[in-house]
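Fit chain B to the supplied structure of chain A, relying on the hints for placement.
2 protein chains.
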Amino acid sequence: MTTRGNTNLPGPNGGIDETHDPNLRSWVESANDPTTDFPIQNLPLALCGMTNISSQGVHALVPIGDSFLDLDQLVVCKLLDKRIYPACHFSDFDDGIRAFRQLLSQDSFGWSALRRRLSELLTGRDPALRDNAEFRESCLIARDVVEADGYFESPEPPNYTDFYASIHHATNVGSMFRPDNALLPNYKHIPIGYHGRASSIVPSGTSFHRPVGQTSPPDSDPSAGPGFGPCKLMDYELEMGCVIGRGNALGSPVSIADAESHIFGLCIVNDCSARDLQQWEYVPLGPFLAKNFATTVSPYIVTMEALAPFRIPAYERPASDPRPLPYLTSEANTARGGFDITLEVHLQSAEMAKRSMAPVRLSKGNFRHMYWTFAQMVAHHTVNGCNLQPGDLLASGTISGPTRDSRGSMIELTWDGDPFANPPKLVPGTQRTPIELPTGEKRTFLGDGDTVIMKAYCEREGFRRIGFGECRGTVLPARV
Amino acid sequence: MTTRGNTNLPGPNGGIDETHDPNLRSWVESANDPTTDFPIQNLPLALCGMTNISSQGVHALVPIGDSFLDLDQLVVCKLLDKRIYPACHFSDFDDGIRAFRQLLSQDSFGWSALRRRLSELLTGRDPALRDNAEFRESCLIARDVVEADGYFESPEPPNYTDFYASIHHATNVGSMFRPDNALLPNYKHIPIGYHGRASSIVPSGTSFHRPVGQTSPPDSDPSAGPGFGPCKLMDYELEMGCVIGRGNALGSPVSIADAESHIFGLCIVNDCSARDLQQWEYVPLGPFLAKNFATTVSPYIVTMEALAPFRIPAYERPASDPRPLPYLTSEANTARGGFDITLEVHLQSAEMAKRSMAPVRLSKGNFRHMYWTFAQMVAHHTVNGCNLQPGDLLASGTISGPTRDSRGSMIELTWDGDPFANPPKLVPGTQRTPIELPTGEKRTFLGDGDTVIMKAYCEREGFRRIGFGECRGTVLPARV
Chain A
461 MTTRGNTNLP
471 GPNGGIDETH
481 DPNLRSWVES
491 ANDPTTDFPI
501 QNLPLALCGM
511 TNISSQGVHA
521 LVPIGDSFLD
531 LDQLVVCKLL
541 DKRIYPACHF
551 SDFDDGIRAF
561 RQLLSQDSFG
571 WSALRRRLSE
581 LLTGRDPALR
591 DNAEFRESCL
601 IARDVVEADG
611 YFESPEPPNY
621 TDFYASIHHA
631 TNVGSMFRPD
641 NALLPNYKHI
651 PIGYHGRASS
661 IVPSGTSFHR
671 PVGQTSPPDS
681 DPSAGPGFGP
691 CKLMDYELEM
701 GCVIGRGNAL
711 GSPVSIADAE
721 SHIFGLCIVN
731 DCSARDLQQW
741 EYVPLGPFLA
751 KNFATTVSPY
761 IVTMEALAPF
771 RIPAYERPAS
781 DPRPLPYLTS
791 EANTARGGFD
801 ITLEVHLQSA
811 EMAKRSMAPV
821 RLSKGNFRHM
831 YWTFAQMVAH
841 HTVNGCNLQP
851 GDLLASGTIS
861 GPTRDSRGSM
871 IELTWDGDPF
881 ANPPKLVPGT
891 QRTPIELPTG
901 EKRTFLGDGD
911 TVIMKAYCER
921 EGFRRIGFGE
931 CRGTVLPARV
Chain B
461 MTTRGNTNLP
471 GPNGGIDETH
481 DPNLRSWVES
491 ANDPTTDFPI
501 QNLPLALCGM
511 TNISSQGVHA
521 LVPIGDSFLD
531 LDQLVVCKLL
541 DKRIYPACHF
551 SDFDDGIRAF
561 RQLLSQDSFG
571 WSALRRRLSE
581 LLTGRDPALR
591 DNAEFRESCL
601 IARDVVEADG
611 YFESPEPPNY
621 TDFYASIHHA
631 TNVGSMFRPD
641 NALLPNYKHI
651 PIGYHGRASS
661 IVPSGTSFHR
671 PVGQTSPPDS
681 DPSAGPGFGP
691 CKLMDYELEM
701 GCVIGRGNAL
711 GSPVSIADAE
721 SHIFGLCIVN
731 DCSARDLQQW
741 EYVPLGPFLA
751 KNFATTVSPY
761 IVTMEALAPF
771 RIPAYERPAS
781 DPRPLPYLTS
791 EANTARGGFD
801 ITLEVHLQSA
811 EMAKRSMAPV
821 RLSKGNFRHM
831 YWTFAQMVAH
841 HTVNGCNLQP
851 GDLLASGTIS
861 GPTRDSRGSM
871 IELTWDGDPF
881 ANPPKLVPGT
891 QRTPIELPTG
901 EKRTFLGDGD
911 TVIMKAYCER
921 EGFRRIGFGE
931 CRGTVLPARV
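Quick note, the sequences are listed as chains A and B, same order. The opening position of the first sequence corresponds to residue 461 in the numbering used here, with each subsequent residue numbered one higher. The opening position of the second sequence corresponds to residue 461 in the numbering used here, with each subsequent residue numbered one higher.
With the rest of the complex left out, here is chain A:
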């Protein structure tokens, strides 16, 4: 086991310090707008490819209000110590990724130093940036410039793992297929996870074609052989992702006490899923082509430090549930392993876009209802010696809450069952109520041209609201 004491949890005052002060204001005026996702208390990190800006390459950017601070340029202007951010000045994709991973792989003292320095520069407590027009010109980029000349990268994870940590989701989905036996016997003991595909992770805003593949033979005639064609049951899955900072060596597990010191921050993940492909392919080795055509992530990694005010206890297990094994248990995790993050999913059909109608909200939930915490997922992932690498993405699995309107996927939202009713109301999976859009269109699953927009944000009395930006993707027709 690694034995560093450098854990973010619980820390003095729960990790809350002067950078979280709700009264901090920035001279970047848009950051003071109470509705912005990116006030000076947030300071998330994004990786941005620049194609037409004086400084090309892949840069690390920090959104602040409606603008972005370019960390590479901050180093060039000697406003940021190279030891804090190992900037890269080459117009080279790989070098940019490498510098980004070096930043991620620092320990949390390095991350803290960066946060404090950015806070200092952006409040103007150190006026070096605020008062120098040339520096501001170099380092501060307007959102429309980034959007015109740049493109966000996903965090380019070396490895991707998807978990299944919402008991509400697992129960809903299990109930559709196994009404008498919704939760499998391992669920309450293991943070169930499986390896996902890293290459098909794409940044928010990427459109993707509806996948083509095999589907189950008709129930009426199993000997007819499988179907083949465009996916008919196209779904999204609302998830949070955790981006690994420091890695661990192969053969060296990370203890639950240390787990959070290996997490750099969180982002939103849409684990797009082709349900009909999945149903036919997934036994006995798990989902494959149903998941690896496009996994969308939001571009901003909100740091664990920024999230400090929004930490809450882990899921409170009923007394009848088994206690997790010791390697999955710590006092700090029980007290503060969870996150209070509000989550919304919105949908805009092509017809709605054409008629300039705003996206409609499909669900509103919260990350607080997870059965397993990210710290438990990290401890479990490495207990056998598996090595995590800087930049790896661990996704939570679909986040569904206890109520119908907090379900994190279409397959759950349009399903008429209620496994939590007493007595349970377990209607077979095929009985569905479509969602009606403002255009009169109906959806049980996603249609071509539909855009899914996921949002996440944290609010708490006495603190500034911070947000994750959005995770957006549009389904294009199948290529046939």
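In short, the hints are calculated from the structure, not lab data. Fair warning: there could be bad hints in the mix.
Unchecked claim - What the simulated footprint calls covered on chain B by chain A, stretch by stretch (three residues with Cβ under 8 Å from a Cβ of chain A suffice, anywhere in the stretch; the number is not a length):
(1) 654 to 665
(2) 682 to 689
Claimed, not checked - If the Cβ cut is set under 7 Å, some of the chain B residues that face chain A in the computed set are:
(3) His649
(4) Trp740
(5) Val843
(6) Cys846
As the list claims (entries may be wrong) - Covered by chain A, according to a simulated footprint, are these stretches of chain B (three or more residues, beta-carbon under 8 Å):
(7) 751 to 757
(8) 780 to 792
Glycine included, every Cβ here is placed at the ideal spot set by N, Cα and C.
For chain B alone, kept in the frame of chain A given last:
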């Protein structure tokens, strides 16, 4: 679908040309030894980290008899065109990997040009290397120097997928757990596969600790909760891996006709498996911690060109089996999609090593018995638009043949069932005959200190034997 005609299959004369001439001899005398894995007809590629040699960094090496040709040095000496191999002269790990992937991502004309050039230099048809002592000194490295000062890398795959393509293996394993229903309904329609973990892929020779993890509650008392501790059912899985050369863009499937033009070559893979961890964790999302603690690969990628003489028809499906869907079917694949590769697994316990006893052979089989070909796996993997990247590893799944002594894992070798007997002899999974080692030690699964050595080679009348080297790994005791 990509529409390049540049497929390796079937090609004039099945891709066999003067570089396969069995009478070719090299001035590197050890390459002419009839028992070497690396005659001049082979010329596989390895990625080697150099730690104490004049030219540091990660280099591409080609084994020839008992020596290695350093491609980077060949470029330095102007014996190899930079357009054929984009050598890297930096003592930097990432740059070496990048150059290697650039070589992989060429089309097969580039690969052919490299093969021809190496053949020319090593026969002496072009005497430029043979007759220049300084060049020989720079470019030709003795095996013991590489072993003392270097370390082989795995191909460092960006992504790793494991298939399940041996029907004998699937039937054996299925029979243990579902005697009446060994093969699931999708097996004969889909080359079943799942995502593996790239970070825990290690090169041959890497020892690894027995993993620790959760195991099923005892059958006698399911309410007792899961066990926790070192894996008790440690197994190997004999597989062949296919290393992707050219990638494909997200959203652009690779047709079966083009599939082989995306494959650079093959290597041996040991998909080490913790059976007891797997049994408890694998529903419903597939194997996870049972597989991601160490996956060993042989360091030499034997090119598709070198394998041309050893191509054979794909598995001949009985008339009662369903025909694969069109996207998995091509005449060329049916005629020559298979490989005639002999496979052996050897075991040496710590006690045997101490007493200087040679490893004992556990099995001997052949890659010809696979139900699905690598071309079908590539076509299936990408049919939904999934993108493959240069260097990606696709493993075949455990390779078992129709006979007991050709089973590719301990769980099969020590199992007393025979699903192919007529009538089938389906003994429940727990009935096992241990393997007795020459020391008198007995094994139903791997013990601490056991070294597993996998070998692969091709032999055919009228051609030189070529080999894959070996894939070796030792189980160390669990860290507890």
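Checked hints:
Taking a C-beta to C-beta cut-off of 8 Å, the segment 654 to 665 of chain B contributes 8 residues in contact with chain A, enough for the three needed, and the coverage statement holds. For the segment 682 to 689 of chain B, the stated coverage by chain A is satisfied: 4 residues place a CB nearer than 8 Å to a CB of that chain, which reaches the threshold of 3. Among the interface hints, the one on His649(B) holds; its C-beta lies about 5 Å from the nearest C-beta in chain A, closer than the 7 Å criterion. At its closest, the beta carbon of Trp740(B) sits 6 Å from a beta carbon of chain A; the interface hint therefore holds under the 7 Å criterion.
For the restraint placing Val843(B) at the interface with chain A, the shortest Cβ-Cβ distance is roughly 6 Å, inside the 7 Å limit, so the hint holds. The interface hint given for Cys846(B) is met, as the beta carbon of that residue sits about 4 Å from the closest beta carbon of chain A, less than 7 Å. Using a Cβ-Cβ cut-off of 8 Å, 3 residues of the segment 751 to 757 of chain B lie near chain A, which meets the minimum of three, so the contact claim holds. With 3 residues having a Cβ less than 8 Å from any Cβ of chain A, the segment 780 to 792 of chain B passes the three-residue criterion, so the hint holds.
Of the numbered hints listed earlier, not one is contradicted by the structure.
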